[in-house]
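Trainee: Here's the letter readout for the chains.
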Amino acid sequence: EAGVAQSPRYKIIEKRQSVAFWCNPISGHATLYWYQQILGQGPKLLIQFQNNGVVDDSQLPKDRFSAERLKGVDSTLKIQPAKLEDSAVYLCASSLAGSLYYEQYFGPGTRLTVT
Amino acid sequence: AQRVTQPEKLLSVFKGAPVELKCNYSYSGSPELFWYVQYSRQRLQLLLRHISRESIKGFTADLNKGETSFHLKKPFAQEEDSAMYYCALSGSQDDKIIFGKGTRLHILP
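Residue numbers (the working numbering), protein chains in the order written: chain A, 1 to 115; chain B, 1 to 109.
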């Protein structure tokens with residue numbers, strides 16, 4: 001089966017600019033996650049969707065970050081405006097359901113550099 | 001507060017020697033523990049999880065609730081084990097996974 005797809009793979013922007021990332025989960029996976037991984041750290045969950053509804057966005061900086069999964073399939077994560085500290089790899093993952101009994105499958109990530 | 005601590009940033013081990021990657025956690029309830037691995041130029045993937053009680057690629061991990069540890073072990077290291085390893089925790093109340101900072105395992109020839 002095809003894995004989780006993400007684009008772009010790399011993005012360089014200046015601070016205060018906007019950026020959007022796209023994720024296509026594995027077909028049939030109801031749950032989708034966005035993680036932020038800063039250099040030298042483990043991934044940190046930003047938001048979790050179950051179909052097109054938000055399950056957990058407690059760690060999403062809502063003043064500048066937004067995410068949507070309108071049709072319960074693809075998802076986009078947006079940053080507006082970007083700050084230097086947003087430089088990180090943004091990982092998308094999906095699983096069959098939201099239970100921890102279902103394995104999360106990760107995409108290749110988008111490496112964002114904010115200058 | 002939930003926390004996962006991996007005390008070693010880098011661990012270098014000779015091929016054929018035993019490997020132990022340390023992981024300690026802080027959680028007030030009954031956590032589920034995982035090990036994730038990222039090989040060079042590959043995606044982050046699940047290596048093993050406590051609830052499955054399985055051995056993957058020769059690796060095992062035992063949950064020690066008294067010491068709040070979930071160390072990853074392998075009796076004989078292989079060169080292909082070189083990778084970044086992340087210990088992770090999920091609470092019984094929700095599915096959110098909290099990752100440690102990771103340990104880079106380098107197997108020396």
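Simulated from the structure, these hints should not be mistaken for laboratory data. Cβ coordinates follow ideal geometry from the N, Cα and C atoms, glycine included. Treat the hints with caution; some may be incorrect.
What the hints assert, rightly or not - One-sided and incomplete, this derived list gives chain A residues near chain B with beta-carbon spacing under 7 Å:
(1) W22
(2) L39
(3) P43
(4) N52
(5) D56
(6) E103
Stated by the list, open to error - Here are some chain A residues the structure puts well away from chain B; computed CB gaps all over 12 Å:
(7) S7
(8) I12
(9) I13
(10) R16
(11) Q41
(12) S58
(13) D63
(14) S66
(15) S87
(16) L112
Trainee: Now tell me, hint by hint, if it's right for this structure.
Mentor: Taking the hints in turn, this is what the structure says about them:
1. W22: Violated: closest Cβ of chain B sits about 17 Å from W22(A), beyond 7 Å.
2. L39: This hint is violated: L39(A) lies away from chain B, its Cβ roughly 11 Å from the closest one there, beyond 7 Å.
3. P43: This interface hint holds because 5 Å falls under the 7 Å limit.
4. N52: With a closest approach of 17 Å, the N52(A) hint is violated.
5. D56: Holds, because the Cβ-Cβ distance from D56(A) to chain B comes to roughly 6 Å (cut-off 7 Å).
6. E103: holds (5 Å)
7. S7: Consistent with the label, S7(A) stays out of reach of chain B, its closest Cβ about 15 Å off (over 12 Å).
8. I12: holds (20 Å)
9. I13: Nearest chain B Cβ is 24 Å from I13(A), so the label holds.
10. R16: holds (29 Å)
11. Q41: Non-interface label fails for Q41(A): nearest chain B Cβ at 5 Å, not farther than 12 Å.
12. S58: violated (8 Å)
13. D63: At about 21 Å from chain B, D63(A) clears the 12 Å cut-off, so the statement holds.
14. S66: Fine: 20 Å to the nearest Cβ keeps S66(A) off the interface.
15. S87: Answer for S87(A): holds, closest chain B Cβ roughly 17 Å.
16. L112: holds (17 Å)
Violated hints, listed in ascending order, are 1, 2, 4, 11 and 12; each of the other numbered hints is respected by the structure.
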